[in-house]
Amino acid sequence: MHNSWVSLKPLRDENSMYFDNGFEKYCERIVKEIGDIPSEVLEQWVYRLSDDEDVTNEFGNIDYTKVKFELQEWCTNKMLNVKPTKFGEDFFERRIKELANSNGDIKQGSYGHLKNLINHWNKKGTWKMPPIIMISECFKENEYQTPYQLVEGHNRLAWIKYFALNDSELKLAETHKVWVMKRK
Numbered sequence: 002m003h004n005s006w007v008s009l010k011p012l013r014d015e016n017s018m019y020f021d022n023g024f025e026k027y028c029e030r031i032v033k034e035i036g037d038i039p040s041e042v043l044e045q046w047v048y049r050l051s052d053d054e055d056v057t058n059e060f061g062n063i064d065y066t067k068v069k070f071e072l073q074e075w076c077t078n079k080m081l082n083v084k085p086t087k088f089g090e091d092f093f094e095r096r097i098k099e100l101a102n103s104n105g106d107i108k109q110g111s112y113g114h115l116k117n118l119i120n121h122w123n124k125k126g127t128w129k130m131p132p133i134i135m136i137s138e139c140f141k142e143n144e145y146q147t148p149y150q151l152v153e154g155h156n157r158l159a160w161i162k163y164f165a166l167n168d169s170e171l172k173l174a175e176t177h178k179v180w181v182m183k184r185k
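Taken in order, the sequence shown gives residues 2 to 185; the numbers are from our numbering.
Everything labelled a hint here was simulated from the structure, so no lab data went into it.
Keep in mind that the hints are not guaranteed to be accurate.
Said to hold, decoys possible - In silico DSSO-like links for lysine-lysine, alpha-carbon gap of 30 angstroms or less: (1) K124 <-> K141; (2) K185 <-> K79; (3) K87 <-> K69; (4) K79 <-> K129; (5) K87 <-> K129; (6) K69 <-> K141; (7) K125 <-> K67; (8) K84 <-> K26; (9) K129 <-> K33; (10) K79 <-> K141; (11) K129 <-> K84; (12) K124 <-> K98; (13) K125 <-> K69; (14) K10 <-> K98; (15) K185 <-> K26; (16) K33 <-> K183; (17) K172 <-> K141; (18) K98 <-> K26; (19) K185 <-> K87; (20) K141 <-> K178; (21) K172 <-> K79; (22) K183 <-> K10; (23) K69 <-> K178.
The structure displayed is predicted, hence computed values, not measured ones.
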C-alpha cells in the first residue's frame with residue numbers, strides 16, 4: 002500500500018459524525034500532504050470508502066501525489082466504454098437488472114427513497130454528482146479495466162448504461178460531467 006493512500010484516510014477528528022467541521026479539516030490536511038484533490042472527489046470516494054478492503058486493494062498502491070482529477074464532459078457513447086471495478090461488477094449488474102425488472106422506473110425498487118436525485122435525473126437526464134473515472138492506461142499498479150475504469154459511482158454508471166440502451170420515459174442528456182483521474 003502506498004503511503005499517500007494511508008494519508009488519505011480520515012483521522013478521528015476529521016470524522017463528520019463526531020465533529021461539525023471534520024470534512025473541512027480533512028480537505029485542508031489533504032491539500033498539504035497530497036496536493037489539490039477536489040473536495041467532491043474526496044467526499045464521495047476516499048473520505049467515505051478508504052477503509053473498504055476492496056477499494057484499498059484496487060486503488061491503494063497508487064501514488065496520489067502524482068495523480069490529478071479533471072472535471073470533463075463526456076458524451077453518453079463514451080460513457081458506455083466505462084467498465085465497473087472488478088469488485089463492483091456484481092453490484093453493477095444487479096442494478097441494471099433491477100432497472101430492467103421495473104422497466105426503468107427509478108421511483109420503484111431500492112431507488113424510491115432518492116426523491117431529489119430522481120427528480121434531478123428526470124429534469125436533467127444526468128447525475129447531480131459526477132462519478133470518478135480513471136484513464137486505465139495511465140496506471141500500472143493493478144490490472145484495471147480498459148479503456149476506462151469506474152472508480153466511484155456504480156449506481157450512476159448503471160443508470161446511464163440502462164437508459165442509453167433501453168427505451169424509457171427518462172431522456173438522457175447528451176453529455177455528462179465526470180471526474181477524470183489520470184497522472185500529472
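Verification of the hints:
The straight-line distance between the Cα atoms of K124 and K141 is roughly 39 angstroms, outside the 30 angstroms bound, and the hint therefore fails. Our distance criterion of 30 angstroms between C-alpha atoms is met by K185 and K79, whose separation comes to about 22 angstroms. The hinted pair formed by K87 and K69 meets the criterion: a straight-line CA distance of about 23 angstroms does not exceed 30 angstroms. Between K79 and K129, the direct Cα distance comes to roughly 19 angstroms. Compliance with the 30 angstroms bound is thereby established for this hinted pair.
This hinted pair checks out: K87 and K129 have alpha carbons roughly 25 angstroms apart, not beyond 30 angstroms. A threshold of 30 angstroms between alpha carbons decides the hint, and for K69 with K141 the separation of about 16 angstroms falls inside it, so the pair holds. As the CA atoms of K125 and K67 are separated by approximately 34 angstroms, the hinted pair breaks the 30 angstroms bound. The hinted pair formed by K84 and K26 fails the criterion: a straight-line CA distance of about 33 angstroms is larger than 30 angstroms.
For the given pair, K129 sits about 28 angstroms from K33 by alpha-carbon distance, which is consistent with the 30 angstroms threshold. At roughly 22 angstroms between alpha-carbon atoms, K79 and K141 fall within 30 angstroms of each other, so this suggested pair holds. Only pairs whose Cα atoms come within 30 angstroms are accepted, and K129 paired with K84 is accepted, the gap being roughly 20 angstroms. With a CA separation close to 23 angstroms, the supplied pair K124 and K98 stays within the 30 angstroms bound.
Only pairs whose Cα atoms come within 30 angstroms are accepted, and K125 paired with K69 is accepted, the gap being roughly 27 angstroms. Of the supplied pair hints, the one linking K10 and K98 is violated, its CA atoms being roughly 33 angstroms apart against a limit of 30 angstroms. Taking the CA atoms of K185 and K26, the gap is near 25 angstroms; set against the 30 angstroms cutoff, the hint holds. At roughly 20 angstroms between alpha-carbon atoms, K33 and K183 fall within 30 angstroms of each other, so this suggested pair holds.
Pair hint K172 plus K141 does not hold up; C-alpha atoms about 37 angstroms apart against a cutoff of 30 angstroms. Using a Cα cut-off of 30 angstroms, the hinted pair K98 and K26 is violated, with the two alpha carbons roughly 40 angstroms apart. The hinted pair formed by K185 and K87 meets the criterion: a straight-line CA distance of about 25 angstroms does not exceed 30 angstroms. At most 30 angstroms may separate the alpha-carbon atoms for a hinted pair to count; K141 and K178 meet this at roughly 25 angstroms.
Annotation: proposed proximity of K172 to K79 holds, straight-line Cα distance about 17 angstroms (limit 30 angstroms). In summary, the hint linking K183 to K10 is supported, as the alpha carbons are separated by about 20 angstroms, within the 30 angstroms threshold. For the suggested pair K69 and K178, the alpha carbons sit about 16 angstroms apart, so the restraint of at most 30 angstroms is met.
In summary, the structure is inconsistent with hints 1, 7, 8, 14, 17, 18 from the numbered list given earlier, while agreeing with the others.
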